[in-house]
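Novice: Sequence:
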Amino acid sequence: LTLAATPALAQQTTPKFFDHAPLMSVGSYYYPEQWPHAQWARDIKKMAEVGFQFTHYGEFAWSFIEPEEGKFDFAWLDEAVALAHQNGLKVILCTSTPTPPAWLAQKHPEILMVNADGRTMQHGSRQQISWSSPVYRQYVQRMVEALGQHYGKDNRIWGWQLDNEPSHYGQYDYSPAAQASFRRWLQAKYQTLDAPNKAWGTAFWSIRYSDFSQVLIPNAKELIAQPAPAAVLDFKRFSADEANDFLSFQYKLLRQYIPPTQWITTNLMPEHVDVDPTRITGLDFLTYTKYLVAGYDHGVGEQGFRLGSSTSIGFANDLFRPLNGVTGVMELQPGQVNWGRFNPQPLPGAVRTWIWHAFVGGNKFVCNYRFRQPLTGGEQYHYGIIGTDGLTPSTSGQEYI
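For the sequence shown, position 265 (counting from the first letter as 1) is numbered 305 according to the working numbering, and the numbering increases by one without interruption.
Calculated directly from the structure, the hints in this document are not laboratory data.
Misleading hints may appear alongside valid ones.
List time: in silico DSS-like cross-link candidates among lysine-lysine, alpha-carbon distance up to 30 Å [claimed, not checked]: (1) Lys-229 x Lys-276; (2) Lys-111 x Lys-147; (3) Lys-292 x Lys-229; (4) Lys-193 x Lys-56; (5) Lys-292 x Lys-276.
Please model the complete structure; the sequences and the hints are all you need to start from.
Specialist: If you want it as structure tokens, here you go:
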């Protein structure tokens, strides 16, 4: 297999967070809340024994952190952090904002996002919320502050991840909260209506607006003919800025409680253009998610290729590293995924090649998703480093260990 990566770009000075770190650390996701308590110690010990240097907790755990409104439970997470420390593993801790608990959606359905078809997303998956909802942000603030107060001075925490793959997975938010926020964004950008009327060409088809309250999110599915391209572009820029605002909101809350030695990041997906990494300006640095053999619906030909594109990681490295001078792979595929009709196994040697691509690209760490393949849930067919029994390494997992 040929090692391919794009040439390194001129970087800014690497932030202080990694001054004394190894060239590249390797870690793995673990979900104590998804496994019997009696297996935690065995699993985390095995993680260290096979050579991992850090683990990753909590991005999907809000209902365990706050099982009832205003009642926080950190006992289980305290134990998981302690087990990691006992086994020499650093911890990346996350804010659980992509998975609000059922009680919150039931009490405040207005926090839910609305897709382009006008359908309100429901509890039962992830990323179903509107980043623009002021009610949602109130609950986010309380949860993030509780995490910061509890773990902010804990030197076992290596760094923090905000949310998880913030993107709504390629969908845009058309909820009332997003509509109100879009109008505020337009007012801040243009000041007067004359400017967007001119920029959007609203003289065409008599679309012209006389008040910002008349402006609707341009949605082709609600229109007889196509919307103005400039209006669509502004909405996409707003959506990217809204992601930045949501992440910056969390960053400012958390930074009040944690020491300057702990970093704060999030993980973006290069393929999802609804979030623009160049507009995410409020974090210490950005990381990315990469699944190269991604389970498309065709098991043969280019889409089913079991190696993945030789330039994919190189592109991501050169997209993210120059933004802040450093990056990492927060999620790297350990084997077969679950979301296609056909989910091929990576070729022997493919996973190790991807890790080398990350190293050559200057990544400070690689974290694979996940250590144990789940027994249940929406990703139960997604391979891990270790199989469902908690003992047997998967075929491609062996390339990590």
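Novice: Name the hints, by number, that the structure is in violation of.
Specialist: none
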